[in-house]
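J.: Whenever a hint applies, use it, and build me the whole structure from the sequences.
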Amino acid sequence: METKKSSRQLLDEALAKHYEDALTAKAAGKLVAWATSICPQELLETMDIDVVYPENHAAAIGARKGALTFIEHAEGMGYSSDICSYARVNMGYAEIQEFAGGNIPMPDLIFCCSNICNTVIKWYENLAVTLNIPLIMFDMPFNHTYEVPEHSVKYMRAQIEYAIERLEAITGRKFDYERFAEVMKISNETCEWWKKATDLAVHTPSPLKGYDMFNYMAVIVCMRGKTACKEIFQTWYEEMKEKAANGEGPFKDGEESYRVMWDGIACWPHLSSTYKVLRKFGINMVTSTYPESWNIRYETNDLDGMARAYSSNYANRNLNYGIKNVTKLVEDFALEGIIYHSNRSCKLMDFRQYEVQRRVEEATGVPSVIFDGDQTDPRIFSQGQYETRIQALVEMMAEKKKSEVTYE
Amino acid sequence: MYLGIDIGSSSSKAAIIDRNMAIVATHVINIGTGTRGPSQVIEEVMQKANITQEEILYTVVTGYGRVTFQQANAQITEISCHAKGVSYLMKGIRTIIDIGGQDAKVIRIEADGRVKNFVMNEKCAAGTGRFLEVMARVLGCDISELSDLADSATNDIPISSVCTVFAESEVISRLASGASVEDVARGAHLSIAKRIVGMCNRVGFEADITMTGGVALNKNVVKVLSEELNMEIKAAPETQAVGAIGAAVFAYERHNKQD
Numbered sequence: 001m002e003t004k005k006s007s008r009q010l011l012d013e014a015l016a017k018h019y020e021d022a023l024t025a026k027a028a029g030k031l032v033a034w035a036t037s038i039c040p041q042e043l044l045e046t047m048d049i050d051v052v053y054p055e056n057h058a059a060a061i062g063a064r065k066g067a068l069t070f071i072e073h074a075e076g077m078g079y080s081s082d083i084c085s086y087a088r089v090n091m092g093y094a095e096i097q098e099f100a101g102g103n104i105p106m107p108d109l110i111f112c113c114s115n116i117c118n119t120v121i122k123w124y125e126n127l128a129v130t131l132n133i134p135l136i137m138f139d140m141p142f143n144h145t146y147e148v149p150e151h152s153v154k155y156m157r158a159q160i161e162y163a164i165e166r167l168e169a170i171t172g173r174k175f176d177y178e179r180f181a182e183v184m185k186i187s188n189e190t191c192e193w194w195k196k197a198t199d200l201a202v203h204t205p206s207p208l209k210g211y212d213m214f215n216y217m218a219v220i221v222c223m224r225g226k227t228a229c230k231e232i233f234q235t236w237y238e239e240m241k242e243k244a245a246n247g248e249g250p251f252k253d254g255e256e257s258y259r260v261m262w263d264g265i266a267c268w269p270h271l272s273s274t275y276k277v278l279r280k281f282g283i284n285m286v287t288s289t290y291p292e293s294w295n296i297r298y299e300t301n302d303l304d305g306m307a308r309a310y311s312s313n314y315a316n317r318n319l320n321y322g323i324k325n326v327t328k329l330v331e332d333f334a335l336e337g338i339i340y341h342s343n344r345s346c347k348l349m350d351f352r353q354y355e356v357q358r359r360v361e362e363a364t365g366v367p368s369v370i371f372d373g374d375q376t377d378p379r380i381f382s383q384g385q386y387e388t389r390i391q392a393l394v395e396m397m398a399e400k401k402k403s404e405v406t407y408e
Numbered sequence: 001m002y003l004g005i006d007i008g009s010s011s012s013k014a015a016i017i018d019r020n021m022a023i024v025a026t027h028v029i030n031i032g033t034g035t036r037g038p039s040q041v042i043e044e045v046m047q048k049a050n051i052t053q054e055e056i057l058y059t060v061v062t063g064y065g066r067v068t069f070q071q072a073n074a075q076i077t078e079i080s081c082h083a084k085g086v087s088y089l090m091k092g093i094r095t096i097i098d099i100g101g102q103d104a105k106v107i108r109i110e111a112d113g114r115v116k117n118f119v120m121n122e123k124c125a126a127g128t129g130r131f132l133e134v135m136a137r138v139l140g141c142d143i144s145e146l147s148d149l150a151d152s153a154t155n156d157i158p159i160s161s162v163c164t165v166f167a168e169s170e171v172i173s174r175l176a177s178g179a180s181v182e183d184v185a186r187g188a189h190l191s192i193a194k195r196i197v198g199m200c201n202r203v204g205f206e207a208d209i210t211m212t213g214g215v216a217l218n219k220n221v222v223k224v225l226s227e228e229l230n231m232e233i234k235a236a237p238e239t240q241a242v243g244a245i246g247a248a249v250f251a252y253e254r255h256n257k258q259d
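Chains as they are written, first to last, in the working numbering: chain A, 1 to 408; chain B, 1 to 259.
Everything labelled a hint here was simulated from the structure, so no lab data went into it. Because the structure is a prediction, the values reported are computed rather than measured. Incorrect hints may have been included.
Interface residues of chain B toward chain A, partial, derived using beta-carbon atoms under 10 Å [stated by the list, open to error]:
| # | residue |
| --- | --- |
| 1 | Ile76 |
| 2 | Arg114 |
| 3 | Val119 |
| 4 | Glu122 |
| 5 | Leu175 |
List of simulated lysine to any residue pairs, SDA-like, C-alpha gap at most 20 Å [stated by the list, open to error]:
| # | chain 1 | residue 1 | chain 2 | residue 2 |
| --- | --- | --- | --- | --- |
| 6 | A | Lys400 | B | Arg254 |
| 7 | A | Lys347 | A | Phe381 |
| 8 | B | Lys219 | B | Glu145 |
| 9 | A | Lys401 | B | Glu110 |
| 10 | A | Lys401 | B | Gly113 |
| 11 | A | Lys347 | B | Cys124 |
| 12 | A | Lys401 | B | Cys124 |
| 13 | A | Lys402 | B | Ala179 |
| 14 | A | Lys209 | A | Thr235 |
| 15 | A | Lys402 | B | Ala111 |
| 16 | A | Lys400 | B | Asp112 |
| 17 | A | Lys196 | A | Ala245 |
| 18 | A | Lys400 | B | Lys116 |
| 19 | A | Lys400 | A | Ser257 |
| 20 | A | Lys400 | B | Gly113 |
Where a beta carbon is used, it is the ideal one built from N, C-alpha and C, also for glycine.
T.: See the structure below:
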């Protein structure tokens with residue numbers, strides 16, 4: 001009898017297949033696209049275009065300690081060291097085109113949505129110009145109002161419709177609206193299971209080990225229009241549900257002593273050393289802003305809903321939304337502390353971080369700490385500084401716990 | 001007897017308190033982690049206190065070098081130790097500015113000495129003791145002379161670069177264009193002060209304020225900082241040893257289970 005595969009096995013296999021399929025497609029002369037992480041991938045999936053995500057590839061290069069070669073190359077090309085390191089890794093990769101830890105096919109089409117940041121606009125435009133390939137750009141203005149305004153929804157919807165025309169022209173094939181409906185349904189279900197799984201961390205202790213979320217995130221970025229991705233999250237959910245029912249926490253060999261949120265992207269080049277410090281103190285990162293960022297939900301065939309969903313992610317929302325969102329996470333997940341990664345690459349997140357920290361602390365009284373690092377540039381991180389800040393957070397959380405002990 | 005050791009990036013400090021929580025001895029050596037500083041400071045503080053190793057009941061280590069120091073019963077961050085040290089030594093302090101060799105921090109404490117919140121400098125030497133070391137080198141003086149030099153300044157020479165390396169070139173070019181050493185020294189202090197004021201505003205500082213760490217020995221920095229904050233900075237006794245004293249108090253509390 002075949003034993004059921006674990007979600008981790010499914011995850012590893014799916015990711016390997018994702019990259020293999022793209023390389024095979026390219027070799028067979030099929031069109032390959034490079035796209036941003038929260039773009040309307042439904043259109044590409046409907047057109048059966050293989051997609052790879054430079055952000056995910058850059059993160060993988062960072063985690064496999066390969067980033068510096070590409071970063072230095074990009075800086076040599078003239079890109080400033082102040083530019084996002086994902087962009088520098090990818091720009092460098094686009095010229096070197098070889099990474100021992102895993103390659104991606106070069107693109108025939110660039111598919112970019114600026115709902116995650118402004119850097120992607122010039123980064124992807126430069127790729128399209130340099131490689132002389134078509135660019136489909138979704139210009140998604142930052143939402144300065146609390147709710148996404150209707151004019152932004154209309155603007156995004158019109159761009160989706162225009163993108164469909166462009167895709168038909170580029171591929172010479174008609175857009176299949178029945179297949180589109182199917183892909184919309186699968187994508188929504190995948191997002192629903194992603195959210196359901198990550199929400200299991202509300203249990204104390206949490207069955208979810210936070211750093212695992214960084215791993216599973218790869219497929220919500222790369223494959224959310226595919227059934228295989230939905231199945232990974234369903235399996236992951238079942239596994240954690242069982243753990244929660246048995247009262248099992250995140251660590252095999254220790255207690256979940258503190259529950260925190262990690263704000264921002266991981267420090268990929270220092271993933272293991274940043275994790276070990278947390279583990280040493282029994283800290284579990286139970287949530288972040290990521291579960292909600294990929295909870296991209298709308299009714300099948302509702303293009304307005306789809307447009308709204310893609311305008312609504314955390315990174316594209318205003319300060320008050322960000323504060324309310326984090327405050328709610330503190331309550332829902334019974335957080336005892338927050339770790340803010342002041343990520344040199346990400347101006348968008350850093351710009352408001354101090355104010356989010358100040359107001360969330362005011363609203364919740366939960367202690368927090370900011371440390372300096374970078375998502376992929378290994379040079380922007382100091383282990384000693386990181387450890388001191390984390391330990392100081394632990395000391396504050398411990399004092400707070402002590403003062404809150406009640407005797408019945 | 002209870003021993004507290006604070007191993008910084010450029011100095012090692014130690015303090016011993018007795019069973020009545022009274023300070024018996026403190027000692028500072030101006031070399032830090034990775035040197036013989038830590039062992040030397042322990043040896044010499046015990047000589048000062050006239051005690052032997054066997055009399056030490058509990059040791060707490062703090063500071064940048066705490067993680068690699070193996071001979072202590074516990075290690076606690078410098079943030080908590082400065083808060084503990086200050087609340088042991090002084091009454092009514094709610095904000096601590098600690099500027100050491102490689103980092104600067106502003107710590108807000110509760111009335112009972114617990115840490116409420118803190119901010120530290122970014123991964124950069126701006127606003128730290130290292131910045132002053134570089135400035136002293138460019139000005140051709142000893143770091144201990146900077147305060148007197150700055151006291152005799154007659155003009156405001158702003159140093160606008162935040163980065164220590166750029167500030168160094170800026171100072172060289174100021175000196176080349178005829179600025180006096182005194183004015184530049186004061187400019188360097190002003191640059192640190194502005195950086196620290198930014199951190200104070202971030203953490204939301206409140207009175208009373210004190211200053212600890214090696215840079216607090218520079219009276220002119222304290223004066224300039226007071227002016228920029230528009231608030232008196234109360235002088236902490238044993239400025240450099242506050243972290244070590246806090247560590248010793250923690251050692252006492254841990255050993256006597258008050259913690």
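J.: The structure should be examined with respect to each hint, and the outcome stated for every one.
T.: Right, here's what the structure says about each hint:
A distance limit of 10 Å between C-beta atoms decides the matter here; for B:Ile76 the minimum to chain A is near 7 Å, and the interface restraint holds. With its C-beta approaching chain A no nearer than about 5 Å, B:Arg114 sits inside the 10 Å limit, and its interface hint holds. Annotation: interface hint on B:Val119 holds; nearest CB of chain A at approximately 7 Å, less than 10 Å. The beta carbon of B:Glu122 comes within 5 Å of a beta carbon in chain A, closer than 10 Å, and the hint placing it at the interface holds.
Taking 10 Å as the C-beta contact cut-off toward chain A, the hint placing B:Leu175 at the interface is violated, the least distance being around 29 Å. A distance of roughly 18 Å separates the Cα atoms of A:Lys400 and B:Arg254; the hinted pair therefore holds under the 20 Å criterion. Restraint check: the Cα-Cα separation between A:Lys347 and A:Phe381 comes to about 16 Å, which is no more than 20 Å; the hinted pair holds. For the hint pairing B:Lys219 with B:Glu145, the CA-to-CA distance comes to about 11 Å; that is within 20 Å, so the pair holds.
Taking the CA atoms of A:Lys401 and B:Glu110, the gap is near 15 Å; set against the 20 Å cutoff, the hint holds. This hinted pair checks out: A:Lys401 and B:Gly113 have alpha carbons roughly 16 Å apart, not beyond 20 Å. A C-alpha spacing of about 18 Å is found between A:Lys347 and B:Cys124, which places the hinted pair at or below 20 Å, so the restraint holds. With a C-alpha separation of about 33 Å, the suggested pair A:Lys401 and B:Cys124 falls outside the 20 Å cut-off, and the hint is violated.
For the given pair, A:Lys402 sits about 56 Å from B:Ala179 by alpha-carbon distance, which is inconsistent with the 20 Å threshold. For the given pair, A:Lys209 sits about 16 Å from A:Thr235 by alpha-carbon distance, which is consistent with the 20 Å threshold. Of the pairs offered as hints, the one joining A:Lys402 and B:Ala111 holds, with about 16 Å between alpha carbons and a cut-off of 20 Å not exceeded. Among the hinted pairs, A:Lys400 with B:Asp112 is consistent with the structure: their alpha-carbon atoms are about 13 Å apart, no more than 20 Å.
Our distance criterion of 20 Å between C-alpha atoms is met by A:Lys196 and A:Ala245, whose separation comes to about 15 Å. A C-alpha spacing of about 10 Å is found between A:Lys400 and B:Lys116, which places the hinted pair at or below 20 Å, so the restraint holds. Between A:Lys400 and A:Ser257 the alpha-carbon distance is near 13 Å, which keeps this suggested pair within the 20 Å criterion. The hinted pair formed by A:Lys400 and B:Gly113 meets the criterion: a straight-line CA distance of about 13 Å does not exceed 20 Å.
Of the numbered hints listed earlier, those contradicted by the structure are 5, 12 and 13.
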